[in-house]
Each structure stands twice: as C-alpha cells, then as structure tokens.
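Chain by chain, the residues:
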Amino acid sequence: MRVIGAIFWKELKGYFLSPVAYVVLTGFTAISGWLFYQLLNYFLRITNIVSGYMVKGQIMREWTIADDIMGPLYKNLSLFLIILVPGVTMRLFSEEKKLKTEELLLTAPIRMGQVVLGKYLASVVLLFLMLIPVGVYMSLILYYGSEPDLGTVLSGYLGLFLVAFSLAAIGIFASSLTENQIIAFFVCAVIGLLFFSVGLAARSVGVVSIFSRQLDLGELLRQLSLFEHYSHIVAGRIQLTDPVFFLLIIIFFLFASRINAESARWS
Amino acid sequence: MKKFTQILGLIGLVVLGIGFLALLIGQKTNLFINAHLVVGGGLVLIGLLSNLAGFLDYFRKRAGRAYSGAILQMMILAVIVFLIGLISYQRDLMMDVTRDRLFALSEPTKKILKNLPGEVKITAYFPSEGFDQGRQLLKLYQGESKKVKLEIIDPDRHPELAEAKGINTYGTIVFDYQGQQTRITEPQEDRITNSLLRVSRKTSWVIYFITGHGEADPETEDKGGLSMFKKFLEDENFQVKKLQITSQGIPPEACLIVIAGPRMPYQPGEVEAIDHYLGKGGDAVFLLDPGVFSNLENMLIGYGIEPLPGIVIDQVQYLVGMDAMGLAPVANNFDQQSEITKTLKGKLAAFPRVRPLKIMGGAERPGKWTPLVYSSATSYEETDLETLFKYGRARQDPADHKGPLLLAASYQERIQPQAWEENFKGAQIRIAVVGSTFFMRNLALDVYSNYLLAINLFNWAAGEQSQAFIVPHTRKPSRIFITAGQTRIIFYSSVLIIPEILCVIGLALWWRRK
Numbered sequence: 000m001r002v003i004g005a006i007f008w009k010e011l012k013g014y015f016l017s018p019v020a021y022v023v024l025t026g027f028t029a030i031s032g033w034l035f036y037q038l039l040n041y042f043l044r045i046t047n048i049v050s051g052y053m054v055k056g057q058i059m060r061e062w063t064i065a066d067d068i069m070g071p072l073y074k075n076l077s078l079f080l081i082i083l084v085p086g087v088t089m090r091l092f093s094e095e096k097k098l099k100t101e102e103l104l105l106t107a108p109i110r111m112g113q114v115v116l117g118k119y120l121a122s123v124v125l126l127f128l129m130l131i132p133v134g135v136y137m138s139l140i141l142y143y144g145s146e147p148d149l150g151t152v153l154s155g156y157l158g159l160f161l162v163a164f165s166l167a168a169i170g171i172f173a174s175s176l177t178e179n180q181i182i183a184f185f186v187c188a189v190i191g192l193l194f195f196s197v198g199l200a201a202r203s204v205g206v207v208s209i210f211s212r213q214l215d216l217g218e219l220l221r222q223l224s225l226f227e228h229y230s231h232i233v234a235g236r237i238q239l240t241d242p243v244f245f246l247l248i249i250i251f252f253l254f255a256s257r258i259n260a261e262s263a264r265w266s
Numbered sequence: 000m001k002k003f004t005q006i007l008g009l010i011g012l013v014v015l016g017i018g019f020l021a022l023l024i025g026q027k028t029n030l031f032i033n034a035h036l037v038v039g040g041g042l043v044l045i046g047l048l049s050n051l052a053g054f055l056d057y058f059r060k061r062a063g064r065a066y067s068g069a070i071l072q073m074m075i076l077a078v079i080v081f082l083i084g085l086i087s088y089q090r091d092l093m094m095d096v097t098r099d100r101l102f103a104l105s106e107p108t109k110k111i112l113k114n115l116p117g118e119v120k121i122t123a124y125f126p127s128e129g130f131d132q133g134r135q136l137l138k139l140y141q142g143e144s145k146k147v148k149l150e151i152i153d154p155d156r157h158p159e160l161a162e163a164k165g166i167n168t169y170g171t172i173v174f175d176y177q178g179q180q181t182r183i184t185e186p187q188e189d190r191i192t193n194s195l196l197r198v199s200r201k202t203s204w205v206i207y208f209i210t211g212h213g214e215a216d217p218e219t220e221d222k223g224g225l226s227m228f229k230k231f232l233e234d235e236n237f238q239v240k241k242l243q244i245t246s247q248g249i250p251p252e253a254c255l256i257v258i259a260g261p262r263m264p265y266q267p268g269e270v271e272a273i274d275h276y277l278g279k280g281g282d283a284v285f286l287l288d289p290g291v292f293s294n295l296e297n298m299l300i301g302y303g304i305e306p307l308p309g310i311v312i313d314q315v316q317y318l319v320g321m322d323a324m325g326l327a328p329v330a331n332n333f334d335q336q337s338e339i340t341k342t343l344k345g346k347l348a349a350f351p352r353v354r355p356l357k358i359m360g361g362a363e364r365p366g367k368w369t370p371l372v373y374s375s376a377t378s379y380e381e382t383d384l385e386t387l388f389k390y391g392r393a394r395q396d397p398a399d400h401k402g403p404l405l406l407a408a409s410y411q412e413r414i415q416p417q418a419w420e421e422n423f424k425g426a427q428i429r430i431a432v433v434g435s436t437f438f439m440r441n442l443a444l445d446v447y448s449n450y451l452l453a454i455n456l457f458n459w460a461a462g463e464q465s466q467a468f469i470v471p472h473t474r475k476p477s478r479i480f481i482t483a484g485q486t487r488i489i490f491y492s493s494v495l496i497i498p499e500i501l502c503v504i505g506l507a508l509w510w511r512r513k
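Keeping their order, the protein sequence lines are chains A and B.
Residue 0 is where the first sequence starts when you use numbering that gives the first Met the number 0, and the numbers rise one by one after that.
Residue 0 is where the second sequence starts when you use numbering that gives the first Met the number 0, and the numbers rise one by one after that.
Some hints could be false.
Below, in silico cross-link-like pairs of lysine to aspartate or glutamate (DMTMM-like), each with a Cα-Cα straight-line distance of 20 Å or less [said to hold, decoys possible]:
(1) B/Lys475 to A/Asp215
(2) B/Lys475 to A/Glu61
(3) B/Lys475 to A/Asp66
(4) B/Lys138 to A/Asp215
(5) B/Lys138 to A/Asp66
(6) B/Lys344 to A/Glu61
I should point out that these hints are in silico values taken from the structure, not numbers from a laboratory.
Could you put together the complete structure from these sequences and hints?
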C-alpha cells in the first residue's frame, strides 16, 4: 500500500506541477460549461413555446430535465473524454520509458501491479477533479428544477465517471506499449473509439455459425459497445451487464498493462 | 532475402486475418475469401519456414519467452473476462432508477399476469436492430410470470418463419393461448397487456353492428365505411357481426351493440328491444350523426343525455383540407379522469360533421354521465341546417349554443338483478354516445388520435376497462424556473470564471517552473 501511495503522489504531483492538469481541467470545464449553458438555454426557450416534443401537432413526450439537458450533456461529454483522457494518461509509462527511469522501477523491489495501480489512481483522481464541475451543473439543475428525475440524473453522472475511469485504464495500457507519447495518445483514442462505435457494426451482422455453433455476433458487438452500456445508465435503466462491463474493461486493461510492463523486466 | 521473407510473413498474417474476418461475417466462402486464405496462409508459411531457425532461437531467449508468456497471459485474461461478462449477461438483472419507473411493468399488468389461466406463448418478430424497448418490455413480462413463454424471431434472418405466420410488419407480436391467437404491431405495455387478456379469455366477445336503417357498414371499404375499424376490432380479438333487430331482440352473446349513424328512424319495437337489452346490463355505443332523427333520442333522454339537433362548427380549430366551413372541428379538450380519454392528454381528435350533446340534470336513471370530449371555445352549434346544407352558409346567431360543446359522453349504472330475471347480462349498464360516426369511418379514422379514442371507447363499453386500461409509464415533465440574471450568472461562472481561474493557475505555475 505504501508503494502504491508513493507512486500515486509522485504521479499526482507530476500532473499538477506541469501544465497538463491545468490544460485538461481548463479545456474540459470550458467545454462542459458551454455545452451545459447551451442545453439549459435551449430548454428554457423551448419549454416556454411548447410543452413537449411534437410530431404532426401532437405531443409525443414531455420536456424533461433528464432527457433534454442532462442526458445530451452526459452523452456529449463522454465523446470529449475520448480525446481528453488519452491526454491525461499518455505520459504515465511512455515518459518513464523515454527518460529511461523505467529501469529504476523494473529493478526496484516492488511489484509491477503496484506501479500500475499507483499511476492509475493518480489519473483517476485528476479525472475525478475534472468531472466535479459537471456535478455543480447537476446540483444547479436539481436546485432550480421542478420535479427533476433525480435517479436518472445521478445514474448518468455515475456513468460519466465509469466511462472516464475505463478510458484511463485503456490509456495506461496504451502508454505501457510505447515510449512515444503521441503514439500512446492515438492508440488510446483509437481503442476508445472502437469500444464506443463497435455497437454500430451490430446492424450489419447477425447470427453467425462457428464450428457449427450459433453465435449472435450482432448482440456480442452490442455488448462490447461502451456507448451502448453507457446509454443504458444515462437512461436510468441499469442492467447488471453495464457496471460489470466497465469493471471488466478496467480490470482487463490494468492487468494487461501489468503483464506488458512486467514482460519488459525480462527483455 | 531474410528481411524480405519476414515482411512476406507479416503481410501474410494481415491477409489471413482479413480472410478469416470476411468468412466470419459472410459465413460463405467466395473467391475473395478463398484467395485471402490461400495467399495469406502461403505467405505465413513462407515467412515461418524461411525464418524457422530465428524463431526457435528467439523463443529460447529470455525476452522471447517473456513476450510470448505475456501474450498468453493476456489471452487467458481475455477469456476469463469474457466468461464473467457472459455470466452477468445471462443473469439479465435490471435496476430501474427512474422516478416514474419507466422500465417496470404497471400494477394492473402485474395483476393480469398473476391471474393468467395458463401458458401464453408470445412470439415477437423484431429485426436484430431496433425495437430495444419492445424487447426489454417483453423480457419484463417473461420475468414477471412463468406462464409467459417468449420467443423473439428476426424476420430478416428467418423470413420463412415470418411468412408462415403471415407477418408483414416489423415489430409484430403474436399471442398464442390454447390455439387462440391475436396479434399487435405496437410493442407498448397497454397493447401487450390487452392482448394477453383477450387471448387468454375463454368467452366469445361479439360486437353487433345494428343494420337496416342506413347505418355505416363495418364491411364497406369506401370512405364512408367502417372496414378499417372492424379490422382493428378483430385485431383486439373481438368478433364483429351485423344484426337486424327482429322479434328475438338482441342475441344473448352480444357483449356490445353499436348504432352507427342511422339514416332512418328506428321502429318502436326496435327501440324497445334496445332498451330491454340495456336494462339487463347490456352495453351500447350510439354514434348519432347530425340532421337525422333516429327515434333513439327519447330513449337516450330517459338515460339523461340529449343529442342536440344542430351541428358543431369551428372556424378556428378545424381539420384543414376536409372542408372550409369548419364542419370538422378538432378537439383537444379530453376528460382526464375517464378511463377512455385519460391517455389522450395533449393529443387531438377530429370530428367531421358532429352534433353536440347535452347532459341533463334530474334524469330518471340513477347512473352517472361522464363528459369525454369538448370542442374548443371558438366553436358553436349551428341550428339552421337547411341554410347550411342548401346554400352552404353558416352564421353564428345569438341563439346558437357557444363552445365548448360536448361531443362525446359515457354512462355507467350499477344494477341489481332480480331473482326471476332471465338473460341477465351484467351488473353494469355502459353506454357511450358520440355525436358523429364520421370520426371513426375510413375517411377519418387515421386522423390525429381518432383511432385511439374509438378503440378506447369500444374497449370501455365492452366492459374491459377494469383490467385492461394501462397507462404506460412516461417521464413526467420537469421545468426550470430561473431569472435572466441567474442565467447570466450560470453563463459567467461555468463558461468563463472557473476555466479562467484554472487557466491562470496553470500559466503561473508553468511560468514559474520555466
């Protein structure tokens, strides 16, 4: 635990003593604030004109804070995270490799799992701080809104954390692959995008036969889609597979990072 | 040369991978796939064989063993993660955190599922993409009752199964109970529960449309017919029959009789037969068009409602395209307490050629009338029908009733049967009266929510509302009440001030360390 704590503090200081944390925090806060303000403004205007979403003169559904402000905000922010999280995690191992300080870690009497976990927790804390302003917007909505759907709004916020933490695990794995931070950035962004968009491919594939066994490839792809699981959480319909999916992504990529970093010890 | 064969081997791996991927998706080999598999396999073999010594040497070294071990470990990890994911997928647990329980079944549905008499097979024809909500909803039904057996068929993948059942619409759901079938095409809770209820009941439900006085015909397919509505009733598992009233009166199996716009007056004997049928707890729908005396008016006055002689004109809210005089008023004022109209909140219904109704006080009968639909405040009752239809002129006179005017109403009365009474039909009399048949004829049934109003009216009158009226869960509206000043504060703080502070701290720190 002491080792994890030491690595955690070192990495966290590293973030805040360099411009990285401030660039990320400033960028994300400005983007999320702008988006929130636009959605809020639109909501205020539209609710003054019509009482619901209309098709052919009939109200198909009423305007709600959960569906028309927080839902779109959460979904759009999750896309921004694909770009911002790799920026946070790209240096974690790549910098060590480039500055040759990795050898110190490899030869020190510590487990690689502790190193991975310490670095991961540091990035998680930065992402947590980054997402706090979204919580402020949520509180404003809950304070000024009449009858907001608290459960849905909160579960969407929780989902945003899960997306950020999953992308951080992918980012740390990407960083453990290369000493080039730019490559680590793009590898993380591409894997993140793949996980987001893989559900789209489900439309064109269906049940396939492998070794005379039927496999619903479309459903498998949907279940691999980060956006699909995240959408469930944002809508307030949390299936067991949703939190399990995010946890498995985090566990898999952290273990993969450990295995990858450990293998460098013997090369 | 060695480098060249290594590159060939790598290219072979990529080609082979693409070949396998194409095979997995396409499921059938073709020239493209075969060429990729053969060429890719060949190149991999060339690369492997010409560098075999190098490979073996690499794996004998510590680094080679470490990397291959790492890859193996990752593959094992991926399998474990996949298996855990599969187990959680099969558990299929769901938590609904929405305030309005959007993803849970309503209490009436649960009650109906609990009282199902036997196993009902539900077959849903959903394509692989879309219909997620319907899929989820049906799983809730399956989870709630062991008597519900669910099968989801993709009609694109199994067109033969869809064709065998005559399915031609995506999203069709077929309910099967002991050889009795019904189907719907809208996967919504109210429709599904209603279908479950209908398919699982044993009694035969017959709706009789009275004929012989120029009424709208349920089998006629032209604009003035009711064939579209008849089909919807059959989809709801009702039998629709025509009936000419004879000395035998109304057949005992009738669950509902419909008087749909007679053009000639009923004979006193016929009126008496209808009154007798109602008195024994029968149910009826009266659709009485304006400008026609049907001889049923006095009987209805006895029950406490008077069909007024005029016609409703609304020159502000009317159905554009039907006529320019406002003879097709559009109504959106529905009673929110009635089982018939509470699902119509925020919706519209058009009533071409409708007569107003008037609920009278001090009626002979003890039952209760519920006003269902009113026209808008801009409407009025035109009583000078001769000028209207002969010269095409309409003018609001001071004597004309002003809107809102009642267009539809329902009546309910509890009755106690006497021990000696025969053919007693039910403990309630249910009557629905609408001042128009045109709103549910083929020409206007698909306009706005006319269909919904008509089907709700018939379901209620047929005596099924106690179990079958489900209001699907929807998110209740929410609003934000802030002033322009507060909006400005939110803008400044969220878009400008917080990012500004963070930016300033970052810059100062960077400059100091530089």
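Hinted pair, alpha-carbon criterion (20 Å max): lysine 475 of chain B, glutamate 61 of chain A. Please report holds or violated. holds, 7 Å
Are the Cα atoms of lysine 344 of chain B and glutamate 61 of chain A separated by 20 Å or less? Satisfied, since the Cα-Cα distance of roughly 11 Å is no more than 20 Å.
Are the Cα positions of lysine 475 of chain B and aspartate 215 of chain A separated by 20 Å at most? The given pair, whose Cα atoms are some 36 Å apart, is violated under the 20 Å limit.
Hint check: lysine 138 of chain B vs aspartate 66 of chain A, CA-CA at most 20 Å. Holds or violated? violated, 24 Å
For the pair supplied as a hint, lysine 475 of chain B and aspartate 66 of chain A, confirm whether the alpha-carbon distance does not exceed 20 Å. Cα-Cα ~11 Å, so holds.
Decide if the proposed pair is consistent with the structure: lysine 138 of chain B and aspartate 215 of chain A, CA atoms, cutoff 20 Å inclusive. holds, 18 Å
Consistency note: the structure conflicts with the earlier hints numbered 1 and 5.
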